[in-house]
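J.: Take a look at the letters that make up each chain.
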Amino acid sequence: DTGVSQNPRHKITKRGQNVTFRCDPISEHNRLYWYRQTLGQGPEFLTYFQNEAQLEKSRLLSDRFSAERPKGSFSTLEIQRTEQGDSAMYLCASSPTPRGLMNTEAFFGQGTRLTVV
Amino acid sequence: TQLLEQSPQFLSIQEGENLTVYCNSSSVFSSLQWYRQEPGEGPVLLVTVVTGGEVKKLKRLTFQFGDARKDSSLHITAAQPGDTGLYLCAGARYGGATNKLIFGTGTLLAVQP
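Just so you know, the sequences run in chain order F and U. Here this note's numbering is used: the first residue of the first sequence is 50, the next is one more, and so on. Here this note's numbering is used: the first residue of the second sequence is 327, the next is one more, and so on.
Keep in mind that the hints were calculated from the coordinates and are not lab data. Among these hints, one or two may not hold up.
Said to hold, decoys possible - Each pair of labels, with its calculated beta carbon distance range:
(1) U:Pro439 - F:Asp112: 44 to 54 Å
(2) F:Asp112 - U:Asp393: 38 to 48 Å
(3) U:Gln340 - F:Gln103: 41 to 51 Å
(4) F:Asp112 - U:Thr377: 38 to 48 Å
(5) F:Ser122 - U:Pro334: 33 to 43 Å
(6) F:Gly65 - U:Ala394: 41 to 51 Å
(7) F:Gly89 - U:Asn350: 16 to 26 Å
(8) U:Ile339 - F:Gly134: 28 to 38 Å
(9) U:Asn350 - F:Thr164: 30 to 40 Å
(10) U:Val370 - F:Glu77: 13 to 23 Å
(11) F:Glu101 - U:Thr388: 38 to 48 Å
(12) F:Thr146 - U:Thr377: 20 to 30 Å
(13) F:Gly89 - U:Pro439: 21 to 31 Å
Heads up, the beta-carbon is just placed ideally off N, CA and C, and yes, glycines get one too.
Please put together the full structure from these sequences, using the hints given.
T.: Structure representation (structure tokens):
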């Protein structure tokens, strides 16, 4: 399978604990995105990497959230001191570098469902 | 704030019926994508439209990008239970450095057999 892979698929954690999610993008894609989706809503942008550089972070990404992509391949998203409001589906997507002004398509993983109890 | 509004929010129809989902914005997008998402899964790309007025067909699905590139529609002919899911439109901006997508509010479609 050469699609975007996310682990774990589901995570239940107690409030106050730290959690870390992993995303393995499509191998030739140098752009990687994290989104968050709550029930009944569309995904909301969290952060973006081009290769190993984190180039944009949403205001949704509080200080408790940190994302890395150390070698420009897989990425991790860590949430510290989780709160019940962090419960959501966390989606990772990847895309190749656009040619000129043409935007390119993003391909999503299956997501990690986080439940904070 | 959602920049892309979808309507209707929910739609329950019988197998064989036709339907149209709308995606509207006051902003211009350089391209617009439609995704279908099933419960517990990530969005799966259906189509990308780029040119104003563009129409693309994917079997029973017809996608149109508005002339001004601010809106789009998805029309499904003779819906089947397998079409059930959350339909999401997502726009990307011209020359955006990040190429990030701005998603619509979603339309939840249920096709009853």
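J.: All the hints need checking, so say for each whether the structure fits it.
T.: Hint check results:
1. U:Pro439 - F:Asp112: 44 to 54 Å: holds, 49 Å
2. F:Asp112 - U:Asp393: 38 to 48 Å: With a Cβ separation near 44 Å, Asp112 of chain F and Asp393 of chain U satisfy 38 to 48 Å, so the hint holds.
3. U:Gln340 - F:Gln103: 41 to 51 Å: holds, 48 Å
4. F:Asp112 - U:Thr377: 38 to 48 Å: Given range 38 to 48 Å: holds, Cβ gap about 42 Å.
5. F:Ser122 - U:Pro334: 33 to 43 Å: Given range 33 to 43 Å: holds, Cβ gap about 41 Å.
6. F:Gly65 - U:Ala394: 41 to 51 Å: Cβ of Gly65 of chain F to Cβ of Ala394 of chain U: about 49 Å, so the range 41 to 51 Å holds.
7. F:Gly89 - U:Asn350: 16 to 26 Å: Roughly 19 Å apart at Cβ, these two residues keep to the hinted range, so it holds.
8. U:Ile339 - F:Gly134: 28 to 38 Å: holds, 34 Å
9. U:Asn350 - F:Thr164: 30 to 40 Å: Holds, since Asn350 of chain U and Thr164 of chain F (Cβ atoms, about 33 Å apart) stay within the stated range.
10. U:Val370 - F:Glu77: 13 to 23 Å: About 20 Å separates the Cβ atoms of Val370 of chain U and Glu77 of chain F, which means 13 to 23 Å holds.
11. F:Glu101 - U:Thr388: 38 to 48 Å: At 41 Å between Cβs, range holds.
12. F:Thr146 - U:Thr377: 20 to 30 Å: holds, 21 Å
13. F:Gly89 - U:Pro439: 21 to 31 Å: At 24 Å between Cβs, range holds.
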